[in-house]
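Participant: One-letter residues, chain by chain:
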Amino acid sequence: MSTRLTKALEFANYRVTLNNQQAQLKAKTQSLLSYSINGGTFTIDLTLITFCKQLINEDQNEVVLLDIYNNPIKIEVDTFYDEILSRYYEVTNDYYAEYEKLRKSRKVHKVLDLNEKGK
Amino acid sequence: MKKESNSRGIVMFAHNNEEIDYFRLAVVNALLIQKNMGIKNITVVTDPHSLSQGEKTLGKRLIKKAINNIVVIQKDKEFKQKNIRLYKDTSHTTKHLPFYNANRCDAYDISPYDETIVIDVDYLILSDTLNHCWGHNNELMMNWKFQDIMYERKDPSLSRLYDMGITMYWATVVYFRKTEYVESFFNIVKHVRSNPQYYKDLYKWQGTLYRNDFSFSIAAHVMSGFVDKGIPQLPTTLYKSFDTDDIHSAVDENTIVMYLEKPRSPGDFMLTKWQGVDLHVMNKWAINRVSEELLEYAKS
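In order, the protein sequences belong to chains A and B.
Reading the first sequence from the start, the letters are residues 1 to 119 in my numbering.
Reading the second sequence from the start, the letters are residues 1 to 300 in my numbering.
Isolated chain A, as found in the complex (with noise of 0.2 Å):
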């Protein structure tokens, strides 16, 4: 097989794992961002965090919102608001340092953080 050839095909390899990775990254992160309360869940997003941000602006305190499940759950919006905001900030800035470290890996091995023995 040409070098040419063999370059291609393991740049194609490193794709396909950097692909992966980067699944596996946002699942990870997918499954931070949920967060339960009072018997119900929620996925923490701008759409929850911006409406609990306007309803503190209303003078809201008690109010019930529809969890993933659509089932209404009564909760004290300040509380709930700093709590998500709290998580979201937390765990987006994970992705972010995560992300950033793997776009800079090249290399089949540094994606994965093994060596170059792969140990």
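It is worth saying that the hints were derived from the structure and are not from the lab.
Don't take every hint at face value.
Quick list of in silico lysine-lysine cross-link-like pairs, BS3-like style, CA-CA up to 27 Å [as the list claims (entries may be wrong)]:
no.	chain 1	residue 1	chain 2	residue 2
1	B	Lys240	A	Lys101
2	A	Lys74	A	Lys53
3	A	Lys74	B	Lys190
4	A	Lys107	B	Lys35
5	A	Lys26	B	Lys200
6	A	Lys26	B	Lys240
7	B	Lys273	A	Lys74
8	B	Lys154	B	Lys82
9	B	Lys178	A	Lys26
10	A	Lys107	A	Lys26
11	B	Lys145	B	Lys60
12	A	Lys26	B	Lys229
13	B	Lys145	A	Lys26
Put chain B on the given structure of chain A with help from the hints.
Facilitator: For chain B alone, kept in the frame of chain A given last:
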């Protein structure tokens, strides 16, 4: 075991066959559960042979440290001899071995807890995500949606009992509270388990193997008023690898590096690092091969 008020705990079933040490997997997973979920209430249902094998290889002290409630039952020998499954240790090694899964339907009666999560011993707990279940409004939850960790691989045959059939729920992880509704659900599961031929004809599942996924899916269909996908899913996605995959190494108590078989090139693998998300590892030999490393990480 003395019952606590509003108790919560994990239940696993571990019955060895000639090749696979399920009890060892249960001990490894119990320690991972303690480490990653902070749960001490762990019940393992096993049989005298699997327990004595575990005591011989792991020692009573380690078993006691990992599991605080062991329930010993006698196996139904006739069922064991009939329920033969094809196990794979990657595509290179395949073996037909007995698969003893007859008592999962008794989880409701066996569990000493008010809230229980039943998990397969090979569903490795690498995070605290399942803690989202405790105190949930839904009294029964299990997944029908799953995601292969090799994102390119798709297997539509795992979505339904047969092509035109009902949606398949995975009995790999089941959360339940002790309520009348859930008791009735498990009664249906038991009925399927005792009358497999009748339900096989009715729901047309493929093959001769009895799987809990089938009986739980049928019970879910019946108990939802014959509506598809009527039982809510767990608040976590079910991630799985296949028995054609292998484990390269365990890096720490929440990270493993996997060999994943490429979809269009059987026997050829790529690597992936899986971290901080629970994972169903179908290749049992692979877990046993890294069990020493996992035990060390989980114990420390």
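Participant: Now, for every hint given, state plainly whether the structure supports it.
Facilitator: Status of the hints after comparison with the structure:
1. Lys240/B - Lys101/A: 25 Å, holds
2. Lys74/A - Lys53/A: Distance ~16 Å between lysine 74/A and lysine 53/A Cα, so the pair holds.
3. Lys74/A - Lys190/B: 37 Å, violated
4. Lys107/A - Lys35/B: Given pair lysine 107/A, lysine 35/B is violated - Cα atoms ~32 Å apart, limit 27 Å.
5. Lys26/A - Lys200/B: 39 Å, violated
6. Lys26/A - Lys240/B: 16 Å, holds
7. Lys273/B - Lys74/A: 39 Å, violated
8. Lys154/B - Lys82/B: Since the Cα atoms of lysine 154/B and lysine 82/B sit roughly 30 Å apart, the hinted pair is violated (cutoff 27 Å).
9. Lys178/B - Lys26/A: 35 Å, violated
10. Lys107/A - Lys26/A: 20 Å, holds
11. Lys145/B - Lys60/B: 38 Å, violated
12. Lys26/A - Lys229/B: Holds, because 26 Å separates the two Cα atoms, which is no more than 27 Å.
13. Lys145/B - Lys26/A: Holds, at roughly 17 Å.
Violated hints, listed in ascending order, are 3, 4, 5, 7, 8, 9 and 11; each of the other numbered hints is respected by the structure.
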